Amino acid sequence: MPEAVLLGGEQTTTAVEWVVFIIAATTTLLGSFGVIMARNPVHAALSLVGSLFSVAVLFLNQGAEFLAAVQVIVYTGAIVILILFVLMLLGIDTEEDLEDEPLRGQMPVAVGIGVLLTASVFALTQLVGFDVVTGTPEVTAAIRDDMPNINQIGRLLFTDFVVATQLAGVMLTVAVVGAVVMARRPREYQPIPEPESMDAPLSLDPTDQGADNGAEVAD
Amino acid sequence: MELFPSDAVFTPDVSWVALWPMVVMALGGLLLLTISSLGKGRIPRPFYALWAVLTSVGSFITAIPLWAQVHGWEDAVLWYDPEVDPTGPFSTVGGVIAADGFSVFLTMLIAVSMVAVVLVIEAYLDREQDRFPEMFALTMFAALGGMVMVSANDLIVLLLGLETLSVAAYVLAAMDLRRVQSQEAGFKYFVLGAFSSAFFLYGIAFIYGATGGTGLVHITDFLAANVLLGSSGLMLLLGLGLLIVGFAFKVALVPFHSWSPDVYDGTPSPLVTFMSSVVKVAAFAGMLRVLVMAFESAGADWRPVIQGLAVLSLVGGALGAIVQSNVKRLLAYSSISHAGFILLGVEAASDVGTAAVVIYLTAYSALVIGSFTVVTLVARSGDRLHTLTDYQGLGRTSPLVAGLFTFFLLAQAGVPFTAGFYAKFSAVIAAVDAGTAWLAAVAMLSAVIAAYLYLRLVVTMWFVDPAAETDTSHVGVPAAAGIALAGCAAAVLWIGIFPNTLTDWAERSVPAVVQPAPPNLVESGDEADADVEFEVGPDGMPGMPGPMPGEMDFGELDLESLGIDPAELEAMLEGGDLGFDVDVEFEDPPG
Chain A
1 MPEAVLLGGE QTTTAVEWVV FIIAATTTLL GSFGVIMARN PVHAALSLVG
51 SLFSVAVLFL NQGAEFLAAV QVIVYTGAIV ILILFVLMLL GIDTEEDLED
101 EPLRGQMPVA VGIGVLLTAS VFALTQLVGF DVVTGTPEVT AAIRDDMPNI
151 NQIGRLLFTD FVVATQLAGV MLTVAVVGAV VMARRPREYQ PIPEPESMDA
201 PLSLDPTDQG ADNGAEVAD
Chain B
1 MELFPSDAVF TPDVSWVALW PMVVMALGGL LLLTISSLGK GRIPRPFYAL
51 WAVLTSVGSF ITAIPLWAQV HGWEDAVLWY DPEVDPTGPF STVGGVIAAD
101 GFSVFLTMLI AVSMVAVVLV IEAYLDREQD RFPEMFALTM FAALGGMVMV
151 SANDLIVLLL GLETLSVAAY VLAAMDLRRV QSQEAGFKYF VLGAFSSAFF
201 LYGIAFIYGA TGGTGLVHIT DFLAANVLLG SSGLMLLLGL GLLIVGFAFK
251 VALVPFHSWS PDVYDGTPSP LVTFMSSVVK VAAFAGMLRV LVMAFESAGA
301 DWRPVIQGLA VLSLVGGALG AIVQSNVKRL LAYSSISHAG FILLGVEAAS
351 DVGTAAVVIY LTAYSALVIG SFTVVTLVAR SGDRLHTLTD YQGLGRTSPL
401 VAGLFTFFLL AQAGVPFTAG FYAKFSAVIA AVDAGTAWLA AVAMLSAVIA
451 AYLYLRLVVT MWFVDPAAET DTSHVGVPAA AGIALAGCAA AVLWIGIFPN
501 TLTDWAERSV PAVVQPAPPN LVESGDEADA DVEFEVGPDG MPGMPGPMPG
551 EMDFGELDLE SLGIDPAELE AMLEGGDLGF DVDVEFEDPP G
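Residue numbers (our numbering), protein chains in the order written: chain A, 1 to 219; chain B, 1 to 591.
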């Protein structure tokens, strides 16, 4: 069981943590560079996988097992796969001409925003230090240091929030049923055209309702 | 030093009585889907309608013992169950589900509305020769979401109930695959609804940041004991504002109403009965419980906002309806105006106001279900005749349908001896009672404007000759829709003439702040050798998830099997280093 690093607690960094950090940080950076340098969009997406996965390793190194798992499941597992699907469905899995920018001037803007974000993170750590939690910590539950947070979250999900967990299941069922309903197109269906009355002139006189309602369209 | 071993699991206390109405609804929906997929279209459609009706009735019946437990058996009808002990309002499953007069009454209201809605859907599907058991299943799941919302005592659970309800409603809006309008309605509803849910969730995050919890009881206690200043106060205000925006979208208040006429117009007409009754009941119930109960002490912050929304909705709804030439859009604007009236009760932030909201929601459900049932019938095959032209001369060709519609419309306008009058009256009284007589005056003025649009429809039906393109065929009333119409009309008349019964119920339907029952400790043995009772201080208890002040009685515990050494416990008790008061009676004192 990895040792959790507690906020405000005694922070020790072992040699293993250093090594893992250096490797994961390097692959994160390499992956990020890969995303913007690769000429092939599929390669860029795969670099993104590498980068996001390395961030998951960084989370793990910090004792945030749950975040690491979610990072892998949601980002690497779902979002990037979705991106890859779109790339392959659109058939742009070949080299793209990077000189042809669909959005003019996006590169300098991206560089500017990146520099700004980095600067703000540095400014934040310099101004308020590293041991910061938001909210009102004195009323939130204490972080238990004898149990990985994934266990603690799991316990909460199946004790205090068991209704929410079950309800989320029902909601996902509804979403699946809804998707199936929406995707279905029975052959015998005759489309009914839109009524033209949507554009009818408005009148305050109850006797003057000469709007054409398209009644003759379908029988 | 900790009393409990680190792997001890505290499970919340579960009262199944409070959960049965929801469980029945959920199981009914799931079983219906299973049966329909196994039957592969061989099962006749009325079976599904019957199933949905029976499930709703079952949900209603299982709410009766809950009613009895909250109010006492003398008020419950139909059966007596000695197992259920009348305990008054309580909350269960760790305090996330509230069982009080408010939740019980509205759960029952949703179940009854569901019966009427299902009947109307059946009449519609029969006319369209459509086999869509999913329509029933989705309304059932949506009703489940609504029931969760009316009893949610935790913002997260409230959000999940809202999402269950909304996701089902998005699909229902787009359910008519033949009309592009329906697809458009579903898409608009989905995009705007998803935005409003995001606002809502963002609000929850801020409120969690400011108060340290998502439980409504926790928030109530926290705000009663603390004054939030500076950034915490700002965070609370931001969260509150975002929550109000989320609710305002769902109940279509001006200026968050623009989706509502389009969605009502595009949605298959029988499903509008659902959207305008169950969805509104659930959303207003959630809004009332959050604002009036949990944020009672922040009333000075949110009441002006609600007053503003009420004025805008009352006037905007009435004025917007006047210029409509489509009956569904007209009724959509009228429902915005009704929402403004309901806000009068919310804004009052009092028991009178809550009772007014409950009365209004009950009367309004009967009124809109009745009105949109007529709209469904008049639309004829294809669900397409919705303009005022199509209603010309309806009084001559189909006097029964036109007569019922006239009755529902007059009731919506607030004619005395109908439910509409009594509901409006209660809302106005609540506003005056809360010291906002000016708002009551605005409401009454807007009711006068709104009366014009209802009368315009009535005049169109009875006194205007049908135009050349008007379909003058007789509008028949199928049996299923007839039952729904009769039920709604009876309810409207009954509430209008004998309002006392509803008032009695409504006055007891107030949300209650109840602390959750103590959690159970999962025991591994059955030999109890100590009676442990804790009094936990405000900091909670070491080894337990979350702060949980109050008294907790763990009852008889088998200490050995929990890994607690009685001698060690005794030493801890004498040492006094536990950080909380604990009262342990040993059956067999150690040493």
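Careful: at least some of the hints might be erroneous.
[As the list claims (entries may be wrong)] Chain B side only, calculated, beta carbon under 10 Å to chain A, not exhaustive:
(1) TRP16
(2) LEU19
(3) MET22
(4) ALA26
(5) LEU31
(6) GLY95
(7) MET135
(8) ALA137
(9) PHE141
(10) ALA174
(11) GLN183
(12) ASP383
(13) GLY482
(14) ILE483
Simulated from the structure, these hints should not be mistaken for lab results. From a predicted model like this one, the values you see are computed outputs, not experimental measurements. For every residue, glycine included, the Cβ atom is placed at its ideal position computed from N, Cα and C.
Cross-check of the supplied hints:
no.: 1; hint: TRP16; result: 12 Å, violated
no.: 2; hint: LEU19; result: 8 Å, holds
no.: 3; hint: MET22; result: 9 Å, holds
no.: 4; hint: ALA26; result: 6 Å, holds
no.: 5; hint: LEU31; result: 12 Å, violated
no.: 6; hint: GLY95; result: 8 Å, holds
no.: 7; hint: MET135; result: 8 Å, holds
no.: 8; hint: ALA137; result: 7 Å, holds
no.: 9; hint: PHE141; result: 5 Å, holds
no.: 10; hint: ALA174; result: 6 Å, holds
no.: 11; hint: GLN183; result: 9 Å, holds
no.: 12; hint: ASP383; result: 8 Å, holds
no.: 13; hint: GLY482; result: 25 Å, violated
no.: 14; hint: ILE483; result: 27 Å, violated
The structure does not agree with the numbered hints 1, 5, 13 and 14 stated previously, though it agrees with the rest.
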